[in-house]
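Student: Each chain, written out:
2 protein chains.
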Amino acid sequence: MTLARLEHRKLTALPPAELRRRFRAGLDVDTAGLAPEFVQASVSIVPEENAADFLAFCTRNPSSCPLLEVLEPGQWEPRAAPGADVRTDLPAYRVARDGDVVTVPDLLGVWRDDLVAFILGCGYTHIGPLIEAGVSLHHLDRLTQQPVYVSNIETRPADPFRGPVAVSMMALPGDQVATAVRVTARYPFAHGAPIWIGDPARIGIDLSAPATGDPPELAPGDTPVFWACSQTPWLAAAQAGLPFFAQHAPARMLITELKASVLVDGLA
Amino acid sequence: MTLARLEHRKLTALPPAELRRRFRAGLDVDTAGLAPEFVQASVSIVPEENAADFLAFCTRNPSSCPLLEVLEPGQWEPRAAPGADVRTDLPAYRVARDGDVVTVPDLLGVWRDDLVAFILGCGYTHIGPLIEAGVSLHHLDRLTQQPVYVSNIETRPADPFRGPVAVSMMALPGDQVATAVRVTARYPFAHGAPIWIGDPARIGIDLSAPATGDPPELAPGDTPVFWACSQTPWLAAAQAGLPFFAQHAPARMLITELKASVLVDGLA
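Protein chains in written order, with this note's numbering: chain F, 21 to 288; chain S, 21 to 288.
Treat the hints loosely; a few may be bogus.
[As the list claims (entries may be wrong)] Per label pair, the in silico range of CB-to-CB distance: (1) F:80 to S:240: 26 to 32 Å; (2) S:228 to F:80: 39 to 45 Å; (3) S:279 to F:119: 56 to 62 Å; (4) S:205 to F:87: 23 to 29 Å; (5) F:99 to S:97: 58 to 64 Å; (6) S:35 to F:229: 31 to 37 Å; (7) F:259 to S:205: 32 to 38 Å.
I should point out that these hints are in silico values taken from the structure, not numbers from a laboratory. Model, not experiment: these values are computed from the prediction. Beta carbons are placed, not taken as given, at the ideal position from N, Cα and C, and that holds for glycine.
Based on the provided sequences and hints, a complete structural model is requested.
Tutor: Dropping the structure here:
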């Protein structure tokens, strides 16, 4: 076992609060597979003046933007993870300000009292249940980052938010695709079932050129399976030309205190 | 609308008992899409001396051979369709005797008191629910017969029964595959969820050369989706060299009085 794999295995077993503490202290890793019983969430942060439109965008695009929680302006502690701070407790963030994009370890330097944090369910929530169901997650075995692509499927706009649907992809053996559909369909609050299964070209995707993450290695007989992804609102905010938008960095999620098994029926 | 399509539409609306009456009177049509609220079933008939082994084969291969009912030796009225006669009420039958195969309109000429009829759930049960869910069944629109292939997937043997799994195929747009999985998974007694999704070659299949049915026309972006099929026991009986085996002719099913919506939880 490589050192990287050993380190990852150690992290996998830690409770969410300890993982968040490490991320706050500076650890920057892909959160895929960590705390596999727990819901992982993305965080999108918009100025209060754009919050209503962004909320409308989320409700119109529930598979891309499954809404778990909207915090009050200026607030940073989500109900999904009591004691957590959405400004610091993710491994890394992407911030777009006036057209410039930077990746930062926390949002303390850019935080304002008028910022509204949206907590959206994330497909990383599927990983534990998929493994339990016997689905082969080769990208995880290889410690590579799941690829995300910009599809040619359009979101339902809520001005100024509009644009294409971003999709995450897993290449699965043909006899595991139905199982993956059935398992992930149980989690509508984590993007739910796949939105496309099969030919990537038909939705404008070249598998070798992901927007983020690593190009996949497909085995013969593997079928590409695509889920809507929380990078969709990042694209929509960029298209809207928002003066400020912040989000989790790709593959760097909020690990919540919610058990995935509980989220099946939504957030109580 | 063509005459064939008009005739088919008229048939679709008839109740199961009237359809069975017409089949008994000689009508020979593909039963796909007929009486879409009702369970369709295949019928496999073996001599009593092979019945226990065939039963074992069915229980070991539930996705190919989802067992609804086993009749007493010599009996022909299934519980699933009171008043029906499995010897006459299907549009056509295939009979294998001492290596010879014939297709016949009924089994009256070959019936014996030692024959045991097995009623197995059939994928045609999916058609009504799939249409309701908005899935495009182009082969049905075109009035072509759904293709069935012999895969290289092996059944779990129950001597003398063994051999490959036969699969039915629908080519679906990539954005409808997950829906088709979710809908058909609700009917484990009608073959349930697909067993293979994607590359046909990987399971030994050339789409242009079905064992029965019509070669499909795939549109760009269509994904081949394969379900286990009730022709699996036909292949197993042939491999076993049974002196007598009879079955529904391909695409000629028993239309039962069971509502598909009820079969979700099995046969009461």
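Student: Check each numbered hint from earlier against the structure, then list the numbers of those it violates in ascending order.
Tutor: Violated hint (a single one): 6; every other hint is consistent with the structure.
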